[in-house]
Amino acid sequence: MQPIQSYTTEAMAEKNNLIVYCEYDEGRIADVSLELLTKGRVLADRLGVKLEAVVLGDKLEGIEKQIFPYGADTVYKIEDKRLFPYTSNPHAGALIKLFREIEPQICLMGATCIGRDLGPRVSSCLHSGLTADCTALEIGDHKDAKTGKEYKDLLYQIRPAFGGNIVATIVNPECRPQMATVREGVMKKEVYNADHKGQVVDLKASDYVEDADFVVEIIDRHIEKSKVNIKNSPIIVAGGYGVGSKENFQLLFDLADTLGAEVGASRAAVDAGYIEHERQIGQTGVTVRPKLYIACGISGQIQHIAGMQESSIIISINNDPNAPINAIADYVITGNMEDVVPKLIKYYKKNSK
Amino acid sequence: MSLNIIVLAKQVPDTRNVGKDAMKEDGTINRAALPAIFNPEDLNALEQALRLKDANPGSTVTILTMGLPRAAEVIREAIYRGADSGIVLTDRALGGADTLATSYSLAQAVKKIGNYDIILGGRQAIDGDTAQVGPQIAEKLGLPQVTYAEEIIEAGNGSIVIRRRLEHGVETVKAPLPCVVTVNGSAAECRPRNARRVMKYKYAASTSEQAGVSEVAEKRLAASPELNIAEWGAAYVEADPEQIGLAGSPTKVKAIENVVFTAKESRRLDNDDAQIEELVKELIANHTIG
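If you read the protein sequences in the order shown, they are chains A and B. For the first sequence, the residue numbers in numbering that gives the first Met the number 0 are 0 to 352. For the second sequence, the residue numbers in numbering that gives the first Met the number 0 are 0 to 289.
Rather than coming from a laboratory, the hints here were simulated on the basis of the structure. A portion of the hints provided could be inaccurate.
[What the hints assert, rightly or not] Mimicking BS3-like on lysine-lysine, the simulated pairs with C-alpha atoms at most 25 Å apart in a straight line are:
| hint | chain 1 | residue 1 | chain 2 | residue 2 |
| --- | --- | --- | --- | --- |
| 1 | A | K290 | B | K280 |
| 2 | B | K280 | A | K352 |
| 3 | B | K263 | A | K290 |
| 4 | A | K342 | B | K253 |
| 5 | A | K151 | B | K263 |
| 6 | A | K349 | B | K263 |
| 7 | A | K196 | A | K49 |
Because the structure is a prediction, the values reported are computed rather than measured.
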């Protein structure tokens, strides 16, 4: 049995900084990690602590140049050719060891296949609280309702729960680090200062990973750069369950081709098998902020709306005049998507020249 | 080679089809309006377990679930589809657990089961979508983990080969046994109930369920010990009271809010050619499109 090995804030006055686990793939730091550094810088300033980053991989020379502009004060590097591609045990083992030494008060990770595999292992070993898929992170105080004990400057981990119908604020009063994962696109990536420089700490891999950690062997790996780029598309044509079939989604692709847009989807459409998961928009998919969002046959479950409500202009096409999404739409077209979409294509072609 | 497989399953409220009556007027959730279902990805995990059992005669599939006593429904469902037996880990002391306290409790139950080669579970449960319990259990048991599994290609001779479905591709990995595997929704669907098994096991009941059963059921239960679904408590799995339930959970819920979006003043159009052309022209004119 793992004993409780958490450490408390009192014991680590000099150490308790905020650290971001930076995902690394073939020489590049993942966007989600840079987004978290951007957010981490704001939180660290609010707390008056340092922003730190840790990166593990096979070829890390100069990797800090990608990290410092986002405001990191320290970059810990652990280089070993076996640390890329990612496997669970060595990355988790190294973080656990490092965290026991530097005792961060907060650790942020991307809610990616890697972060969601790694975070729970680290939290389980350190007996620290982990909140998945946060949509907002803030610093604030907390008073325990039962004991009356007061806590200063905790990380508020805000996330949707219950299929997105409620939003919960989670805190970890006693255990450290306070850990949270955040999906790509939820936080904004912004350069803090292009000339910002910090300290590089090269850690000796053999001090942090053991041969015995490399138990899972990668036999074969096919990673394709995603062809879908919903997150950065200025126009999105999205379909929901109301589209009705895989075939009908072709209409949305036709409209998207005409407008130079990307096709997105609600979770209901993805669950129904109309379209692939990587096009899913919402709390369990991608968060988007395009200048135009055309929602076709999307009723507007909260978990979807949360992922697209910041779009500049929203058009809802739905045969239900009372679809919840209509409340946040700038234009509501009441009608069958199969009838309306071809008209949009027709009149765009007619008027755009 | 025969394998002893544990499948972790959870009974969850069906959050995918939240209707209008699912929220009460005061903004809290009306749990009674949401049907309790077998967590979808746990069914994908069960199918992988049953396939291993088919391919490796003599293997056993044991379902382990933590929850209210009525979670025995999940075990019966799994048995109808081909699982051998199940255990409900249920105890008031386990209530209010976050993922860490849950994983500790389940890890204790797994240790109590003792003899296992593979622990399977869904990637995540739809009521929380955290995907944390699988890896947290793996860490507590000191086992390797393979998450996002789409297909178990082979298992035996001390190792398992698994295809994983990642964000932008696939990866095939080989892990030593025993290990923890969490299965994606993109994996094969679970087989349906087997009519003969339904007939055979429809009277299967947990200890708490047996309290109020009919006379017929009582006789069946007495005659066939395999119909008894085990019910374990926290003390039985030797759980440290400080690591379970609300007290053992490092995360605390500070506040819960109903989600409210600011409504906009919408312009309403009909499915009418002139109106749609007007809209398109307007969007072109203000450079939104084109």
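Original post:
For which of the previously enumerated hints does the structure constitute a violation, in increasing order of number?
Top reply: Going through the list in order, the structure violates hints 4, 5 and 6 and respects the others.
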